[in-house]
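**Q** Here the protein sequences come in this chain order: A and B.
Residues in the first sequence are numbered consecutively from 1, following the numbering used here.
Residues in the second sequence are numbered consecutively from 484, following the numbering used here.
Be aware that one or more of the hints could be misleading.
From the derived model, a few chain B residues whose C-beta atoms are all more than 10 angstroms from chain A [what the hints assert, rightly or not]:
1. M697
2. I718
3. R903
4. S947
5. E954
6. P962
Straight-line alpha carbon distances no greater than 25 angstroms define the calculated SDA-like cross-link-like pairs of lysine to any residue that follow [what the hints assert, rightly or not]:
7. K449/A / Q948/B
8. K878/B / F855/B
9. K946/B / K433/A
10. K433/A / L463/A
11. K454/A / K438/A
12. K946/B / R169/A
13. K778/B / M284/A
14. K933/B / R169/A
15. K234/A / K756/B
16. K732/B / R505/B
17. K844/B / F575/B
I should point out that these hints are in silico values taken from the structure, not numbers from a laboratory.
The beta carbon of each residue, even a glycine, is placed where N, CA and C say it ideally should be.
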Amino acid sequence: MVYPAPGGRRKPVKTADLVVVGGGPAGMAAALAAYEKGIKDILILERDGELGGILNQCIHNGFGLHTFQEELTGPEYAVRYIDLMEEKKLPHLLNTMVVDVQGGDSCMVTAMNKELGMFQIKAKAVVLAMGCRERSRGAMNIPGYRPAGIYSAGTAQRYVNIEGRMPGREAVILGSGDIGLIMARRMTLQGAKVKMVAEIMPYSGGLKRNIVQCLDDFGIPLKLSHTVTEIHGKERVEGVTVSRVDEHLNPVSGTEQFVKCDTLLLSCGLIPENELSREAGALMDEVTQGPVVNDRLETTVRGIFACGNVLHVHDLVDNVSKEAKAAGEFAADYILYGQREWGEAVRPKIPAKTKCTLPEDRDTGSQLICIGCPVGCLITARRKEDGSFDISGNTCGKGEAYARSEMMAPVRTVTSMIRVEGGFGQVVPVKTKSEIPKGKIRECMEEIKGTVVKAPVRVGDVLIQGVAGTSISVIATGNVGAV
Amino acid sequence: MYDVVIIGAGVSGCAIARELSRFQLKILVLEKEPDVCEGTSKANSGIVHAGYDAKPGTLKARLNVEGSRKMEALSKELDFPYRRNGSLVLCFDEKDRDKLFVLKERGETNGVEGIRIVERQELLELEPNVGDAAVAALYAPLGGIVCPFGLNIALAENAAVNGAEFVFEAEVQEIEKRREGYLVRTSKQDYETKVVVNAAGVYADQMHNMVSGMKMKITPRRGEYLLYDKNVGGIVSHTLFQLPTELGKGILVTPTVHGNLLTGPTAQDVPGKEETDTSREGLERITERAALSIKEIPCRQVITSFAGLRAHITEFSGKETGDFVIGEAADAPGFIDVAGIESPGLSCAPATGEYVAHMVKEILHPQKKENFISTRKGIPSIALASDEERHRLIKENPAYGNVVCRCETVTEGEILDAIRRPLGARTTDGVKRRTRAGMGRCQAGFCNPKVVEILARELQVEKSQIRKSGEGSWYILPPEEGGSL
Chain A
1 MVYPAPGGRR KPVKTADLVV VGGGPAGMAA ALAAYEKGIK DILILERDGE
51 LGGILNQCIH NGFGLHTFQE ELTGPEYAVR YIDLMEEKKL PHLLNTMVVD
101 VQGGDSCMVT AMNKELGMFQ IKAKAVVLAM GCRERSRGAM NIPGYRPAGI
151 YSAGTAQRYV NIEGRMPGRE AVILGSGDIG LIMARRMTLQ GAKVKMVAEI
201 MPYSGGLKRN IVQCLDDFGI PLKLSHTVTE IHGKERVEGV TVSRVDEHLN
251 PVSGTEQFVK CDTLLLSCGL IPENELSREA GALMDEVTQG PVVNDRLETT
301 VRGIFACGNV LHVHDLVDNV SKEAKAAGEF AADYILYGQR EWGEAVRPKI
351 PAKTKCTLPE DRDTGSQLIC IGCPVGCLIT ARRKEDGSFD ISGNTCGKGE
401 AYARSEMMAP VRTVTSMIRV EGGFGQVVPV KTKSEIPKGK IRECMEEIKG
451 TVVKAPVRVG DVLIQGVAGT SISVIATGNV GAV
Chain B
484 MYDVVIIGAG VSGCAIAREL SRFQLKILVL EKEPDVCEGT SKANSGIVHA
534 GYDAKPGTLK ARLNVEGSRK MEALSKELDF PYRRNGSLVL CFDEKDRDKL
584 FVLKERGETN GVEGIRIVER QELLELEPNV GDAAVAALYA PLGGIVCPFG
634 LNIALAENAA VNGAEFVFEA EVQEIEKRRE GYLVRTSKQD YETKVVVNAA
684 GVYADQMHNM VSGMKMKITP RRGEYLLYDK NVGGIVSHTL FQLPTELGKG
734 ILVTPTVHGN LLTGPTAQDV PGKEETDTSR EGLERITERA ALSIKEIPCR
784 QVITSFAGLR AHITEFSGKE TGDFVIGEAA DAPGFIDVAG IESPGLSCAP
834 ATGEYVAHMV KEILHPQKKE NFISTRKGIP SIALASDEER HRLIKENPAY
884 GNVVCRCETV TEGEILDAIR RPLGARTTDG VKRRTRAGMG RCQAGFCNPK
934 VVEILARELQ VEKSQIRKSG EGSWYILPPE EGGSL
């Protein structure tokens, strides 16, 4: 494809075998997989200032159980891939926005950044890995005023975890997906009062273990079958009206309750970001809101592959990595061995939406929800007369250990961030190296808030030794380079 | 002492300021909000009406036809988005057909050019997605759409460049008649002036009643709207109005000048002058009524809803005028009302500016300025620029290569321009209305923290000082509170 350049200065044209759009978990896994297959000429284009995508602000743990067989925080998970990328010297451009993608025998990607201006890359194949965005207040048509203080959970998460800043003092969270639950805990740990999490469905869309460790641990009420029906406050949020909904999800009049708050966080679903895919001419799937792909994750536009949340919204990053690895390999095959017949459309397997309700009449004295993994087994544990435990309901050894500790001395891992001086970032994400007694969480947070460290900081660096009078240290879960 | 104090930096106030800035006059525009275009001017249909709607002989009719004629040239002079997309008033019932003819005659009396009745077949050719029930329509090829912020901001900037002063967050609290002119007391300071122009929107009655015994009452009439994603902006190409039916006044469906789809407004009288909240009933009503005009309302593509207040005069000297009230108050010489500027006030603005400027001239007899700058160049739009233009802009200023708002492709360079211009943006709403950052499908989810950061850097304040709009509309707490910093 020859680019017409009437009059204007001609844009630089680069070439690469494979261009990956997006440097989050999907983009990195796809690029690495293609590299392993022998494609060395790869270019990753990332719109943000660093690789890792949304993982960088997901400083809580629970990532990597499948991929690395250990529980990592988001930044730690990202760093594993970033380190591999560096090791293989895979080139990437940061702060670079892709504005157009064209498929075909040779693909053409148009992008822009400060240094190169507008430029084009001629590639043999393209992997789309742009991720997804959150549903906004407007998309949900919540009536009322339009003050400051209404954030999508991800925006608030960015303020808190990347910038180290608080978006409010008193919050109501609408939507009980995992991001909403995680943010309820995060805001609470940083000193905000989370008044409630309202969920329009009769069940939570989040994992059971997140309901336990993000809400129950902190006494935050989860109001199922409730939604926000009005936003009050002309300049800043002053409160919201929360109403019960009937089985058709319509608000029941007479059930309105005014909840005073200065912040409303929305965690009401994610939408794959497919503007580029659409403009490239890819056929879209109404159900997944991602492009239609065949069994090789190739879109209906030749040479363009898709993976990760751009294809459909995944629950677990581990599944994103797995899918993206496959996409990278298929793209490599396509580059190495050429085009095959497109075949049939295959809708990616979307895991059934979690419909999480904790048993309402659960005897919290003896019945526990295991937080060891996303399954969230309901475990019954009784102390026998001889002092030993009778534990049932667990499906693995982790459950038994969890029940035992929960009955005797409950423990939790604390994740937060610590202020950094002289670094490229303001804060570095941290976690307790192992679990600390639940009763020590507040003390631990106070110590974390009072700590300042100097850049550079690397993943694994011990930043606080023996936090809150325990023998457990607080370690960095991300990297912050020195200025 | 000022020659003219204009109360209100909405589209009328700024149009008047710009016209007056052609003359050797000391002009001050007072605005209670932190920016121009903060009231009715920011929340409306963005339509340039052709002028067949207003009753012949009214100011509304005269200024509308004039304003609409001037709009295109003005959009070129001051570089704001305007497009003549044509409008259609849809008739859904054979027995309402005569109402179309009434409208057509009215338009012809008002001097609107090119209007004609189109039958269903031609209607379908003009608008393939028109609703099945539409039997005919009044077609006005000269109807247009405009960016209401763009128009208002362009007028204000050009007035400022030509010497008009603007003071924001200065709420007028009292107006005193002096031997010569008036003393205008505000929440900031007091200003002496020979002439006052009252362009205070829904507050114009309060301003008027401070100096005149002929009492005025404005009852704000709220209009709610739904705005849809750009990917459905092409469903219609004309502005589709509805003939009023038994079910009430119609709802319009229109593309916006930026390519979104817009439906609304409702009409509901509200007691308060700040009641710009939307309601469940209102939003449902829009969808229900708009469904008449087009085959399918893309409900899932709504990106935001909003409400504006029409400054409807319900009483002036004991009666409801149904028209704008523009002119010197009978018992307050030198106090010029520009009141009751409801629809088609936006379309009228260019004409209103000239009309009111003429009145001021009659009082003050000013000299023309030799060095009046009549043109203004807007902020370059990376989203609309060709790849070559983009490349050139980025090479000139690399900040145009840093995309901040991904939905609307707005760059750091444009945001810096918005802040650094005359009457530059001080709030995220100000940035949004000048650049469209945050106006897209994610509604500032991704770009809000970045815009706040750029504003803080440019204005040299801590990020917690950055507001969405008015006092108290902060985004994040001060560093010592809550966070780890």
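**Q** Take the hints in turn and mark each one as holding or not.
**A** Hints and how they fare:
1. Every Cβ of chain A is farther than 10 angstroms from the Cβ of M697/B; the closest lies at roughly 31 angstroms, confirming the non-interface assignment.
2. Its beta-carbon lying about 16 angstroms from the closest one in chain A, I718/B satisfies the requirement of being farther than 10 angstroms from that chain.
3. Non-interface status of R903/B relative to chain A is upheld: no Cβ of that chain comes within 10 angstroms, the nearest being about 18 angstroms off.
4. With a least beta-carbon separation of about 8 angstroms from chain A, S947/B fails to lie farther than 10 angstroms from that chain, contradicting its non-interface assignment.
5. For E954/B, the non-interface assignment is contradicted: its Cβ lies about 7 angstroms from the closest Cβ of chain A, within the 10 angstroms cut-off.
6. The Cβ of P962/B does not lie farther than 10 angstroms from every Cβ of chain A; its closest approach is about 7 angstroms, which violates its non-interface assignment.
7. This hinted pair checks out: K449/A and Q948/B have alpha carbons roughly 23 angstroms apart, not beyond 25 angstroms.
8. Using a Cα cut-off of 25 angstroms, the hinted pair K878/B and F855/B is violated, with the two alpha carbons roughly 33 angstroms apart.
9. About 33 angstroms separates the Cα atoms of K946/B and K433/A, which puts this hinted pair outside 25 angstroms; it is violated.
10. The straight-line distance between the Cα atoms of K433/A and L463/A is roughly 10 angstroms, inside the 25 angstroms bound, and the hint therefore holds.
11. Distance hint between K454/A and K438/A is unfulfilled; the C-alpha atoms sit about 29 angstroms from each other, more than 25 angstroms.
12. About 16 angstroms separates the Cα atoms of K946/B and R169/A, which keeps this hinted pair within 25 angstroms; it holds.
13. For the hint pairing K778/B with M284/A, the CA-to-CA distance comes to about 22 angstroms; that is within 25 angstroms, so the pair holds.
14. Pair hint K933/B plus R169/A holds up; C-alpha atoms about 21 angstroms apart against a cutoff of 25 angstroms.
15. Among the hinted pairs, K234/A with K756/B is consistent with the structure: their alpha-carbon atoms are about 12 angstroms apart, no more than 25 angstroms.
16. For the hint linking K732/B to R505/B, the alpha-carbon distance of about 40 angstroms lies beyond 25 angstroms, and the restraint is violated.
17. Distance restraint check for K844/B and F575/B: the Cα-Cα separation of roughly 48 angstroms exceeds the 25 angstroms cut-off, and the hinted pair is therefore not satisfied.
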